[in-house]
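Student: Chains as they are written, first to last, in my numbering: chain D, 1 to 333; chain R, 1 to 333; chain G, 1 to 333.
Watch out, some of these pointers could steer you wrong.
Intra- or inter-copy, both count: the list cannot distinguish identical chains.
[To be verified] The calculated SDA-like cross-link candidates involving lysine to any residue, where the alpha carbons are at most 25 Å apart (straight line), are: (1) Lys136 / Asp301; (2) Lys116 / Tyr255; (3) Lys263 / Ala83; (4) Lys136 / Asn275; (5) Lys136 / Gly206; (6) Lys136 / Asp233; (7) Lys331 / Glu14; (8) Lys136 / Arg178; (9) Lys136 / Asp160; (10) Lys136 / Ala258; (11) Lys331 / Glu267; (12) Lys331 / Glu11; (13) Lys128 / Arg23; (14) Lys331 / Gly36; (15) Lys136 / Arg229; (16) Lys136 / Asp284; (17) Lys136 / Asn45; (18) Lys331 / Glu26; (19) Lys136 / Arg32; (20) Lys331 / Gly260; (21) Lys331 / Arg229; (22) Lys263 / Gln328; (23) Lys116 / Ala282; (24) Lys116 / Gly206; (25) Lys263 / Ala88; (26) Lys116 / Gln259; (27) Lys331 / Pro164; (28) Lys128 / Gln312; (29) Lys331 / Ser227; (30) Lys136 / Asp276.
I should point out that these hints are in silico values taken from the structure, not numbers from a laboratory.
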Amino acid sequence: MRRFLDLADFERDEVSALLELARRLETSPEPRALAGKILGLVFFNPSLRTLASFQSGMARLGGNSFVITPGQGTWQLETRLGAVMNGAAAEHVREGIPVLASYCDALGIRAFAECKDLANDLAETNFKAMAELVDKPLINLESAINHPCQALADWKTMDDLGVPRNGRFVLSWAYHPRALPLAVPAAAVHMAAMRGMDVVVLRPEGFALPPDIMSKARSAAARSGGSVRETADRGDALAGANIIYAKEWGSTSVYGDAQGDAKLRGELTGWCVRNDWFTRTAPDCRLMHCLPVRRNTAVADEVLDSPRSIVQREAYNRLVVQMAVLYQMLKGV
Amino acid sequence: MRRFLDLADFERDEVSALLELARRLETSPEPRALAGKILGLVFFNPSLRTLASFQSGMARLGGNSFVITPGQGTWQLETRLGAVMNGAAAEHVREGIPVLASYCDALGIRAFAECKDLANDLAETNFKAMAELVDKPLINLESAINHPCQALADWKTMDDLGVPRNGRFVLSWAYHPRALPLAVPAAAVHMAAMRGMDVVVLRPEGFALPPDIMSKARSAAARSGGSVRETADRGDALAGANIIYAKEWGSTSVYGDAQGDAKLRGELTGWCVRNDWFTRTAPDCRLMHCLPVRRNTAVADEVLDSPRSIVQREAYNRLVVQMAVLYQMLKGV
Amino acid sequence: MRRFLDLADFERDEVSALLELARRLETSPEPRALAGKILGLVFFNPSLRTLASFQSGMARLGGNSFVITPGQGTWQLETRLGAVMNGAAAEHVREGIPVLASYCDALGIRAFAECKDLANDLAETNFKAMAELVDKPLINLESAINHPCQALADWKTMDDLGVPRNGRFVLSWAYHPRALPLAVPAAAVHMAAMRGMDVVVLRPEGFALPPDIMSKARSAAARSGGSVRETADRGDALAGANIIYAKEWGSTSVYGDAQGDAKLRGELTGWCVRNDWFTRTAPDCRLMHCLPVRRNTAVADEVLDSPRSIVQREAYNRLVVQMAVLYQMLKGV
């Protein structure tokens with residue numbers, strides 16, 4: 001495996017093999033497998049799980065890693081092609097990224113959406129421009145519209161807990177004080193569709209996922225026997241749900257318009273997942289969330305502190321599935 | 001050993017065994033002892049010695065570590081229970097801490113006192129709330145009222161230099177431009193009392209150590225044959241002293257009142273340890289300080305640059321005793 | 001080797017041996033050579049290449065490293081002797097540096113020029129004061145007036161690409177929005193002179209390199225058979241050049257005077273290296289730059305994206321030559 005950028009780049013049996021490898025490494029550690037190998041990690045945006053779990057995963061396999069955080073200990077990096085660099089950024093990614101790639105055996109890059117222009121973010125313009133500069137194995141640590149490590153960890157989490165392949169997976173919009181990127185919702189619906197699930201996107205008006213994201217998920221569902229639809233009706237969505245996957249994202253009807261978005265979401269503080277979302281129609285339903293989550297804003301304490309919540313297992317599985325990705329990428333299986 | 005949170009959790013012979021192990025690892029390195037083990041380090045506050053020595057210590061034992069600094073490369077973490085998280089913090093410690101614990105074999109946490117409410121700080125409310133969330137071995141990297149790694153390093157330093165077990169240990173308040181936490185003074189008086197020393201706390205009016213701290217030290221002294229008292233009389237305190245342990249801390253009479261504290265300490269700039277503190281009554285007396293120290297503010301150049309100063313050895317011993325803690329915690333002896 | 005502070009501390013055959021070792025490690029990795037060894041890295045200034053390549057290099061040799069960035073996760077460090085420390089800095093380098101040295105087997109320090117007083121910067125006052133405090137092997141990661149790791153990487157890069165030992169090396173001033181230190185130009189002219197090259201310093205009026213730097217380079221040239229001169233005439237300088245080494249630096253005629261410098265450089269935005277610098281007189285000439293480089297400000301896209309540019313190889317060679325330095329320093333050959 002040379003690149004781990006999008007779960008959609010893999011066939012279902014390739015994903016199954018990765019998850020099998022993850023389970024094997026979970027039970028039978030191989031502490032010298034990646035001895036002498038170096039992982040470079042570049043974070044254009046904050047991180048907790050990705051930062052800690054990739055360093056830990058490399059070390060558990062006997063390898064090592066370094067972390068670069070542009071603008072913090074390192075110069076700010078310019079990403080615009082052709083820029084006349086007389087501002088704050090001292091270095092261009094066209095120099096910085098290949099240099100870092102030359103110091104390691106695999107590189108991971110995190111670069112969130114700018115959340116200004118939807119077409120630009122959907123096209124992964126920024127991440128793709130950097131990816132083209134890398135001649136080493138490359139991992140997407142979350143780009144404008146994707147988060148494959150999270151998606152793979154979520155898949156394993158549902159397998160671990162026996163959530164049926166054809167169960168109902170409800171991706172529900174949740175309130176957040178400001179607009180967040182579409183990367184996790186896009187990755188989650190695609191993953192659940194690829195797993196063969198009955199996927200429902202529950203979101204208020206103005207927050208529909210873009211057609212590109214929905215059609216990509218639908219085409220995965222077509223191959224796996226799953227389905228994908230969207231609704232603003234909570235009762236309809238949650239009936240018989242196996243999973244509520246809560247996630248905050250920005251308005252797509254006024255994408256990039258912070259004031260317009262704020263006006264829309266100002267009416268939506270009720271979209272905080274509480275116990276009464278579950279009780280009537282989905283007694284065994286679990287709560288998933290990629291974290292970080294704002295307590296009592298996106299999800300209430302009563303849910304996060306209940307046995308319904310499997311967010312800790314999702315986070316732990318980040319470590320496990322990433323070790324499988326690193327292993328397959330750097331050792332070759 | 002599952003937890004290293006407070007020297008008071010250990011019997012004297014357990015401390016002796018730890019120091020014995022530290023001396024053994026100092027002379028007979030075991031570079032593969034902790035191969036494959038991962039230490040997670042979480043710093044809510046700045047660090048130099050702790051940050052460098054724990055990473056170095058793990059590596060010297062063949063292990064590895066990762067560092068998380070909330071608010072810097074990582075989201076700010078909320079600590080208040082039940083908070084409605086619509087402010088700056090994107091993640092709660094109730095998620096963040098267990099997640100990080102799941103990525104490592106032992107976790108260290110640094111979280112200084114808030115210095116607002118004395119009872120709250122004395123109760124270690126914040127640190128204990130986080131400690132309850134950790135199901136892995138846990139190390140206190142300095143909490144509101146404790147710093148057991150520093151205390152253990154200080155104990156070894158006095159052993160290394162032949163300071164008598166029943167010698168006089170003077171913890172002296174020293175000037176600093178603003179109020180600092182009580183963690184190190186509390187840990188130092190308890191450690192010296194537990195070691196069996198004649199402990200004198202020398203401090204100006206308004207800076208007495210809280211009764212809880214004094215009585216904990218006195219009860220350690222009762223078991224070890226030492227003693228603990230306090231005074232504002234420098235001549236009395238320093239007569240025959242073996243150690244002046246200089247430390248800056250905030251007023252306890254107006255704890256949490258920055259203006260009141262500033263008014264009190266404004267008169268106390270003379271509490272900078274100088275050569276003339278020693279010459280008359282304690283010619284062989286040594287200077288200890290946990291560092292960082294403000295030169296010519298808390299302690300004068302003439303003292304820090306003289307052979308009296310053993311601050312470098314204290315700092316070096318941080319590495320050595322922490323290796324013993326890690327070894328006992330992760331290898332089990 | 002105890003110290004790697006200045007290429008001028010070594011004889012030419014010692015440099016050759018280091019480069020030979022670098023080539024050996026490049027083709028025959030020794031992944032356990034420095035097992036159990038710890039490198040401490042202290043960055044008073046930002047870094048990308050140095051930060052990543054030293055961590056990677058230690059790991060590739062089986063060792064480990066820790067990074068300290070004063071003012072970021074760590075207290076600010078005071079450097080002035082005799083300072084009364086009642087300001088922002090909580091710790092003095094007189095404590096901090098020896099403490100960090102006691103936690104590792106070799107220490108690297110980066111401390112840029114203050115760019116206020118030329119004599120002070122030329123004397124390396126700040127770096128030397130810190131170096132005196134270190135009793136472990138020490139590496140200069142860029143000081144006020146030197147950057148030996150960059151110089152060694154540049155030397156290897158020219159060897160790799162068959163640039164003749166007696167070829168013409170033109171260090172050309174390039175535009176930058178503000179004054180930068182003299183470390184890289186000083187190190188580059190000395191390195192090229194020591195390599196035996198025909199060195200020409202091309203710079204506008206007001207930006208002549210200080211006599212100390214020129215005479216040091218000339219004395220290296222005298223021993224190697226090279227030569228060193230300066231000019232403001234681009235056509236003269238570039239005739240027959242093998243290398244244009246572009247670099248931005250501050251005015252030396254008004255050193256430390258930001259306004260005076262800004263006025264001078266405001267007229268010099270034309271000093272951006274473009275294709276037409278090459279075509280007429282030096283068709284095979286290569287572009288070197290230590291990076292970071294501001295595109296279309298110091299060097300145009302058309303040059304950086306052309307085969308003339310060897311900046312990536314220079315950056316990659318940082319890793320390779322530093323592994324040789326670490327190997328010789330920590331293993332002894």
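Student: Does each hint hold? Answer for all of them.
Tutor: The hints, checked one at a time:
Within a single copy, lysine 136 and aspartate 301 get their C-alpha atoms only as close as 43 Å, which misses the 25 Å cut-off; across copies the closest is 23 Å, which meets it. Taking the shortest Cα distances, lysine 116 and tyrosine 255 sit within 25 Å of each other inside one copy (7 Å), while across copies they are farther apart (43 Å). Taking the closest pair of Cα atoms, lysine 263 and alanine 83 come within 25 Å of each other only across two copies (24 Å); inside a single copy the shortest separation is 34 Å, beyond that limit. Taking the shortest Cα distances, lysine 136 and asparagine 275 never come within 25 Å of each other, neither inside one copy (47 Å) nor across copies (30 Å).
For a Cα distance limit of 25 Å, the shortest separation of lysine 136 from glycine 206 qualifies neither inside one copy, at 40 Å, nor across copies, at 44 Å. Taking the shortest alpha-carbon separations for lysine 136 and aspartate 233, neither the intra-copy value of 46 Å nor the inter-copy value of 43 Å comes in at or below 25 Å. In this assembly of identical chains, the alpha carbons of lysine 331 and glutamate 14 lie at most 25 Å apart only when taken from the same copy (16 Å versus 38 Å across copies). Neither within a single protomer nor between protomers do lysine 136 and arginine 178 lie at most 25 Å apart by alpha-carbon distance, with minima of 36 Å and 35 Å respectively.
In this homomeric assembly, lysine 136 and aspartate 160 come within 25 Å of each other (Cα to Cα) only across copies, at 22 Å, whereas the closest approach inside a single copy is 32 Å. In this homomeric assembly, lysine 136 and alanine 258 never come within 25 Å of each other (Cα to Cα): the closest approach is 37 Å inside a single copy and 42 Å across copies. Proximity of lysine 331 to glutamate 267 under the C-alpha cut-off of 25 Å is found in neither arrangement, the shortest distances being 51 Å within a copy and 55 Å between copies. Taking identical chains as interchangeable, the C-alpha atoms of lysine 331 and glutamate 11 lie at most 25 Å apart only when both belong to the same chain, with a minimum of 20 Å there against 42 Å between chains.
Proximity of lysine 128 and arginine 23 under a CA criterion of 25 Å is satisfied in neither setting, with 31 Å inside one chain copy and 34 Å between copies. When the C-alpha separation of lysine 331 and glycine 36 is checked against a cutoff of 25 Å, the pair qualifies both within a copy, at 11 Å, and between copies, at 18 Å. Taking CA atoms no more than 25 Å apart as the test, lysine 136 paired with arginine 229 passes in neither setting, with 38 Å inside one copy and 42 Å between copies. Taking identical chains as interchangeable, the C-alpha atoms of lysine 136 and aspartate 284 are never at most 25 Å apart, the minima being 44 Å within one chain and 29 Å between chains.
For a Cα distance limit of 25 Å, the shortest separation of lysine 136 from asparagine 45 inside one copy, 22 Å, qualifies, whereas the shortest one across copies, 29 Å, does not. In this assembly of identical chains, lysine 331 and glutamate 26 lie within 25 Å of each other by CA distance both inside one copy and across copies; the values are 17 Å within and 20 Å between. Proximity of lysine 136 to arginine 32 under the C-alpha cut-off of 25 Å is found in both arrangements, the shortest distances being 21 Å within a copy and 23 Å between copies. Proximity of lysine 331 to glycine 260 under the C-alpha cut-off of 25 Å is found in neither arrangement, the shortest distances being 49 Å within a copy and 57 Å between copies.
Taking the closest pair of Cα atoms, lysine 331 and arginine 229 never come within 25 Å of each other, the shortest separation being 40 Å inside a single copy and 52 Å across copies. In this assembly of identical chains, the alpha carbons of lysine 263 and glutamine 328 never lie at most 25 Å apart, being 46 Å within a copy and 57 Å across copies at closest. In the homo-oligomer, the alpha carbons of lysine 116 and alanine 282 never lie at most 25 Å apart, since the shortest distance is 37 Å inside one protomer and 45 Å across protomers. With identical chains, the CA atoms of lysine 116 and glycine 206 are at most 25 Å apart within one copy only, with a shortest distance of 16 Å there and 44 Å across copies.
In the homo-oligomer, the alpha carbons of lysine 263 and alanine 88 lie at most 25 Å apart only across protomers (20 Å), although the nearest pairing inside one protomer, at 32 Å, exceeds that limit. When the C-alpha separation of lysine 116 and glutamine 259 is checked against a cutoff of 25 Å, the pair qualifies only within one copy, where the shortest distance is 12 Å, while the shortest distance between copies is 37 Å. Taking CA atoms no more than 25 Å apart as the test, lysine 331 paired with proline 164 passes in neither setting, with 32 Å inside one copy and 40 Å between copies. In this assembly of identical chains, the alpha carbons of lysine 128 and glutamine 312 lie at most 25 Å apart only when taken from different copies (20 Å versus 31 Å within one copy).
For a Cα distance limit of 25 Å, the shortest separation of lysine 331 from serine 227 qualifies neither inside one copy, at 36 Å, nor across copies, at 50 Å. Proximity of lysine 136 to aspartate 276 under the C-alpha cut-off of 25 Å is found in neither arrangement, the shortest distances being 49 Å within a copy and 34 Å between copies.
The earlier numbered hints that this structure contradicts are 4, 5, 6, 8, 10, 11, 13, 15, 16, 20, 21, 22, 23, 27, 29 and 30.
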